[in-house]
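K.L.:
The lines below spell out each chain.
Number of protein chains: 4
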Amino acid sequence: MKIRIFITGGTFDKEYNELTGTLFFKDSHLSEMLKLGRCRLRLEIRTLMMIDSLEMTDADRMIIVENCKSAPEDRIVVTHGTDTMVETAGFLARHVTGKTIVLTGAMIPYKFGSSDGMFNLGSSLAFVQTLPSGIYISMNGKCFPWDSVKKDKRIGEFIETG
Amino acid sequence: MKIRIFITGGTFDKEYNELTGTLFFKDSHLSEMLKLGRCRLRLEIRTLMMIDSLEMTDADRMIIVENCKSAPEDRIVVTHGTDTMVETAGFLARHVTGKTIVLTGAMIPYKFGSSDGMFNLGSSLAFVQTLPSGIYISMNGKCFPWDSVKKDKRIGEFIETG
Amino acid sequence: MKIRIFITGGTFDKEYNELTGTLFFKDSHLSEMLKLGRCRLRLEIRTLMMIDSLEMTDADRMIIVENCKSAPEDRIVVTHGTDTMVETAGFLARHVTGKTIVLTGAMIPYKFGSSDGMFNLGSSLAFVQTLPSGIYISMNGKCFPWDSVKKDKRIGEFIETG
Amino acid sequence: MKIRIFITGGTFDKEYNELTGTLFFKDSHLSEMLKLGRCRLRLEIRTLMMIDSLEMTDADRMIIVENCKSAPEDRIVVTHGTDTMVETAGFLARHVTGKTIVLTGAMIPYKFGSSDGMFNLGSSLAFVQTLPSGIYISMNGKCFPWDSVKKDKRIGEFIETG
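Chains as they are written, first to last, in this note's numbering: chain V, 1 to 162; chain P, 1 to 162; chain G, 1 to 162; chain F, 1 to 162.
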């Protein structure tokens with residue numbers, strides 16, 4: 001079984017620009033993270049965009065949709081900023097069927113010593129191997145179907161909805 | 001759903017004694033790792049022993065068996081040294097039925113900046129939620145049934161056996 | 001010999017707010033850094049302010065001056081943002097005499113895995129013990145008298161001026 | 001001013017062998033540490049040996065002596081295991097004159113997330129630039145003349161004697 005990973009940016013991949021003192025995106029750290037995690041799954045990794053999810057438009061989301069559809073793999077992990085992750089999951093649910101797609105992200109950038117990125121990456125790659133087709137969000141060790149989850153911005157966690 | 005975690009030691013929890021320059025076990029870092037991973041699963045954590053798996057005897061394994069049997073939870077993660085993880089998995093398979101038990105570990109101690117521990121912890125907690133009852137080993141992003149895996153000691157990875 | 005450390009903020013102490021995705025100041029990490037460095041010098045540490053040095057006014061600088069003057073110690077380290085460190089050094093030179101004052105900072109926040117903070121802290125505490133009275137900047141392993149240094153903002157380093 | 005650094009091993013450069021679960025020496029991390037510290041001093045770095053200081057013989061010490069003597073630089077930092085650092089300092093004092101030589105080390109390996117190595121490296125490079133000729137030990141933020149220091153092995157710190 002081969003798994004596809006699509007990278008879209010988000011906190012996962014934010015870096016600190018020491019000359020300006022601001023946060024920015026450069027390259028994805030996903031390959032480095034998978035190496036540190038000693039992951040030996042068969043993976044195809046592709047960066048679709050490298051943006052803050054607050055800036056993600058429906059045109060961007062359609063790019064993710066098209067790539068999920070045309071990928072030969074049926075099991076796909078999408079790394080994504082947490083702020084609009086639920087919105088993108090709903091968008092994917094309306095356009096893609098017959099595939100297991102797991103969205104995940106991080107609250108702390110990998111480069112800032114985050115371990116929630118490593119933890120979430122491990123979880124999402126496990127969920128994507130075992131769950132039936134559908135669109136899911138994997139955060140905080142849990143896996144939520146796309147239509148029963150929201151981000152609680154006050155505490156920075158994902159919780160089940162009614 | 002509540003998940004049980006049993007801690008038995010292994011590389012996961014090794015520390016460096018700066019006075020003697022040797023490796024040793026003190027306390028488990030599992031709670032700290034779960035906090036860093038921002039894990040919000042309902043967990044019951046219990047330390048059964050804190051040993052190098054090369055020193056684990058069948059009496060030790062019977063302690064793990066008894067605890068897995070008597071735990072009210074049906075989904076159990078066991079942290080374990082990698083050297084005899086497969087042996088313990090087989091021992092559990094002969095004595096415990098009707099529960100999903102996932103053994104996991106690390107190649108690099110958490111305290112030495114390991115990220116494979118965080119990654120494996122994320123994976124094993126996801127697998128334990130989704131797999132049917134049985135005994136499994138979760139390493140390198142994969143999940144192996146207990147009777148079709150071995151550790152390749154030359155490369156430090158777990159591989160599928162015929 | 002007792003050494004005084006005055007904390008004024010700067011990149012050294014920036015943190016990442018995971019709820020908003022922005023950088024901010026909370027508490028100083030200096031005590032934690034000194035503990036990690038296994039520093040056993042006799043130190044008196046006091047936080048004077050916790051600001052970005054771009055926002056430092058002459059009124060703020062006068063607070064630093066007054067504290068340097070009234071401190072019983074003759075050897076003082078000031079942690080400071082790098083952007084206006086040279087300006088503050090000149091301000092101190094015009095108002096304080098008879099003391100050895102070393103300004104230092106970091107290009108990467110301590111919380112983001114920075115090691116230049118630890119390195120600069122080690123350097124500045126060594127320089128303050130050995131140099132004659134005067135105002136100095138300790139960065140990049142070097143120690144510059146206040147009137148012969150500038151920050152090269154293009155490369156983020158301090159260099160000697162004619 | 002150019003500074004010479006001689007590497008002899010010690011805890012500084014210990015690594016963890018994940019296949020055997022033991023500690024060993026491979027390459028020095030000094031260049032990486034200097035880069036992280038954003039050090040811009042003019043340095044000449046040379047590895048003389050890569051050993052635990054408990055195994056250092058007088059023949060090894062004579063190699064350090066000869067290299068200190070023949071080096072064109074008058075200011076030299078020697079990285080060294082802490083267990084026999086004081087002994088080597090005394091050996092150097094009997095054989096080398098007219099140079100400023102600072103021995104330093106670490107209690108925790110750099111690869112295990114140690115920050116005392118970064119701190120000590122910063123201190124020792126500052127002390128070597130400012131102290132008169134002589135043999136010194138730089139640990140715990142302090143600088144001790146070679147003949148008035150010992151390692152307190154119970155607490156892992158260097159303290160003044162006499």
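Possibly wrong hints are sitting among the right ones.
[Unchecked claim] Here are the simulated distance ranges between beta carbons:
1. L19(V) with I63(G): 39 to 47 Å
2. L54(V) with D152(F): 51 to 59 Å
3. F25(F) with I45(P): 35 to 43 Å
Just so you know, the hints here were simulated from the structure itself, not pulled from any lab data. Note that the structure is predicted; figures quoted are calculated from it, not measured. Just so you know, even glycine gets a beta-carbon here, dropped at the ideal spot from N, CA and C.
K.L.:
Under the constraints set out in the numbered hints, which ones does this structure not fulfil?
P.N.:
1
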